[in-house]
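Participant: The hints should help you fit chains B, C and D onto chain A, whose structure is shown.
Residue numbers (the numbering used here), protein chains in the order written: chain A, 1 to 278; chain B, 1001 to 1278; chain C, 2001 to 2305; chain D, 3001 to 3305.
The set of hints was computed from the structure by calculation and includes no laboratory data.
Quick list of in silico lysine-lysine cross-link-like pairs, DSS-like style, CA-CA up to 25 Å:
| hint | chain 1 | residue 1 | chain 2 | residue 2 |
| --- | --- | --- | --- | --- |
| 1 | D | 3068 | A | 143 |
| 2 | B | 1247 | B | 1170 |
| 3 | B | 1170 | B | 1143 |
| 4 | C | 2133 | B | 1143 |
According to the in silico footprint, chain B covers these stretches of chain D (three or more CB under 8 Å from chain B):
| hint | region |
| --- | --- |
| 5 | 3114–3122 |
| 6 | 3211–3225 |
All figures in this text were calculated on a predicted structure; none of them were measured in a lab. Each residue gets a CB set at the ideal place from its N, CA and C atoms; glycine is no exception.
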Amino acid sequence: MSEPRAAGPGGGSAAGVPGAPASAFSKSEMMIVAAARELAGQRVCFVGVGLPNIAVNLARLTVAPTLELVYESGAFGAVPARLPLSIGDPTIVTGATAVVSMFELFSFYLQGGLVDVGFLGAAQIDRFGNINSTVIGDYDHPKTRLPGSGGACEIAINARQVFVIMRQSKRSFVDRIDFRTSPGNLGGAEAAARIRREEGWLGRGPSVVVTDLGIYHFDDSGEMRLDSIHPGATLDQIRDTIGWDPKVAEPLATTHAPTPEELRLIREELDPEGAYTK
Amino acid sequence: MSEPRAAGPGGGSAAGVPGAPASAFSKSEMMIVAAARELAGQRVCFVGVGLPNIAVNLARLTVAPTLELVYESGAFGAVPARLPLSIGDPTIVTGATAVVSMFELFSFYLQGGLVDVGFLGAAQIDRFGNINSTVIGDYDHPKTRLPGSGGACEIAINARQVFVIMRQSKRSFVDRIDFRTSPGNLGGAEAAARIRREEGWLGRGPSVVVTDLGIYHFDDSGEMRLDSIHPGATLDQIRDTIGWDPKVAEPLATTHAPTPEELRLIREELDPEGAYTK
Amino acid sequence: MSKVMSMRDAVAANVHDGDVVAIEGFTHLICFAAGHEIIRQRKRDLTLARLTPDLIYDQMVAAGTARKLVFSWLGNPGVGGLHAIRRRVEDADPSPLELEEYSHFGMVGRYTAGASNLPFFPLRSYFETDLPKANPLIRPIRSPYGEETVYAVPPLKPDVTVVHAQRADAEGNTQMWGLLGCQKEAAFAAERVIVVVEELVEEAVIRADPNRTVIPGLIVDAVVVEPFGAHPSYVQGSYDRDNRFYRDWDAIAREAATTQAWLDEWVYGVSGRAEYVEKLGTERVASLRPSGAAPSGSVDYGVYR
Amino acid sequence: MSKVMSMRDAVAANVHDGDVVAIEGFTHLICFAAGHEIIRQRKRDLTLARLTPDLIYDQMVAAGTARKLVFSWLGNPGVGGLHAIRRRVEDADPSPLELEEYSHFGMVGRYTAGASNLPFFPLRSYFETDLPKANPLIRPIRSPYGEETVYAVPPLKPDVTVVHAQRADAEGNTQMWGLLGCQKEAAFAAERVIVVVEELVEEAVIRADPNRTVIPGLIVDAVVVEPFGAHPSYVQGSYDRDNRFYRDWDAIAREAATTQAWLDEWVYGVSGRAEYVEKLGTERVASLRPSGAAPSGSVDYGVYR
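Next up, chain A with everything else stripped away, as it sits in the complex (with noise of 0.2 Å):
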């Protein structure tokens, strides 16, 4: 898994803002900064196991000072020493605001509406942000087997809104995830927002996938859009990991590289052993 820092030609800032160049940092690190500053503003978020543990806590030292942490292992308001491998570790009980049972964080912090955002990783994704983290191939006889929902499942329902961070490929961008694990904005956004209400869904559904490539939103149809593409990537590359013909801004903005204190935290405070970004 390992990918080389040296991501491509060019890039740089897109607005003036000062950020690296693209050679001084890796497509992971581009995606994880991304990822991070898409939750400004945001005042709870539910922490899911792996990417979305290193985004969410380098927003907590960058854009978004007065987040909240929600880890469905049970605590909430944590400030991790360090940043845990697992969602379940001892440094983000010691020093958190309240640490409680699964019953209640379940019951009354996502499924009581006072999540803002949940975070989620997958293995697979369609152009509406239906999410599999089940199986690849047949349920029943499956080529890969998966971890399964977790809480992915009533995270997606419940959250205000969901955010997706995952790597692009043609086998995880797809055009028919194999399981529906996470409802995103099902089959399109008018039948998808018709089902929330008769079914009294909190979620308004996945609002952004940040990619190792660019970042999405989704337009009024549903669908997955590109809105901004990361310095060193090109429309080629975008297309090549897709499994469908995907939407394209116009204009389409160019992410604002990481600067050099949002890599110093990743490097030196959050992952000095390069576990998230190598």
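Facilitator: Below, chains B, C and D without anything else, positioned relative to chain A:
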């Protein structure tokens, strides 16, 4: 509500066990002592407000030293240093084994089937042990508005067995209760057993009623039967204070009078102000 | 962000005529101070929800704040009835009072459903009783597994829940110990939450023992510091239940006139809880202090860097 | 009555072939010591229930104890997959493994229904997903209030639940702090409960802080004192998660042969946890201690006579 301590002639022990003469204790004291003794061998008792409170605490000091007191207020394994007036009192918390939310108490302890005896008081009871603690008269236009169920309804259904403690009178032991707050043997044992089975109740229903005049158990038909008469009480008194023709065991036992130690515990330790025994 | 404010401001901002109000606390931590301020501000047409209406709602009903009670046990525990409420229920004196009645577990289930955004909560109660007839909101529900039927209660979502506690920080992160009742569920179920505490503490005190936190500041709208604010109810470790007052109330509330006289003297006649406590007198206050300390002991969470 | 016994006796008395076993603990307080003893006693045909099967069930599955998993998240958190389990699921190697799959909240709801003797637990999840198709025990249920439909999960009642905790008294009154997962629900739902603790304490320690008690001795069948019994999981305030082992396991478990060699060395090759800890070495153990103390502080319950 004052009641003379000299309750009548004679009395004393039925089987040679030393007991005070009937003139030396009040009817309330006899009732409390008789109720406490019924708890011998029981493990977990759910304590209601009022008379159950003192009876259960007397049992813990005498026949049932390992009795675990569960208060619906959330205390388990309470060791009250004084008799609480209410079932919520700081003395039932300090030194208890566990203090839990009412959700947990009612869900896991009571509904989960851990309570051996639910101990209830009542305003009205019928021959089958069905209980009213809600209203006298019509529900919408009551003559007397009583407290209502509290936990009594779910205690009657989920405690493994139910003990009742209440004073006898034509107003309280009635042919037809005005409102069924807590189900007993419904219209009789056979139908009650069938319904309990079909509806999945954990409780086997009422097993004893202790009054100021005697002790009743339930016969095979599910009807209350006087099994023991308190010293000083007469069958005429019994019949004059019951709204139906009561079944009487043959032979009818006489309740052992309170021992000096039982009386001392009530008068000196549990209820020195006479709140329950006046 | 500090949410600390006076009781007057907290009630004025968060309690409105017609609201569903829950002042919870099962015998323990009942916030009489908030109830009295609601009376002083002459709120009207409230629906008062509580498992045990207790003296607090007897007083609020007597003062004319309420049009309806939602409850499960209506009495003065260990003493008798609630006379002001009974006058309105039995004699419509001075006007009728609407009742919506459950059992304790039913009320707990209602708050739990409200806090969890569930459309109902299932429980094994009410079988073969008259309660579902008296209250048609108690309804049977069939299990999707087999033939079994249990009962359901609907969610209860108060407009405002008032919770009294030993301590909170300025943001409203609240810790309590002793009997917990269903305050947590009632708070999470509510649109707005007022937390009233004996003591305001630094955030660090809360964060030193996160497992002790019952209510997060996230759902709290106002923090009021009101020592002795639960009297005649009690605060574990701080003061005892004033059983004498519970008994005294029985006589006070038997007549409308004596009830009003008491309200005039002890509620309308004082500006707030501080004056009430002063009026109560140092001797009475001192008599309610615990006779000794019973420390919990400390546990170690450990530092993990 | 003391329920203290050895792990060997506790497992022999309470875990039987064919049982539904729940060793709970969400990342925190996972009792590997009990899992290893179950392997050593060569229990067979177990149904293993856990939200996150984690390494503990990968090891137990690799050792041939299990015929079925009931779970919600199947992985090595932050590292990758569980290879022994995947071999059986993807390749039926050496034999198939039955899966019964929920979400986290579904599993929590199942234990809650089991603990509460409810025939089902309702939740707002599973809408428009393939999970109810994959598991027909996830079923829609209509609210008796209005048109709304939510989903239900059935109760889960393990034959035995194993819980690891910081401390308990000899009767099994158990206190824990840090992440609580759903151990309480899993314990109340179970027919039998084994509590494994870092430290056995006097009853007075428990009674000094009754709000900290998570599991009452009433439902506990065996108390096992097994320091470091949760390694490579962790115990808040006592030792850290051994992330190195979680990473190492990924390589160990990739091949059946290396997995068996590990079991031979670290499970079959030791008599119990004490020997395992000795084998781990004082340096590794020391490296997992917290870098400092973070005391909760003490609260006062007060003496009331």
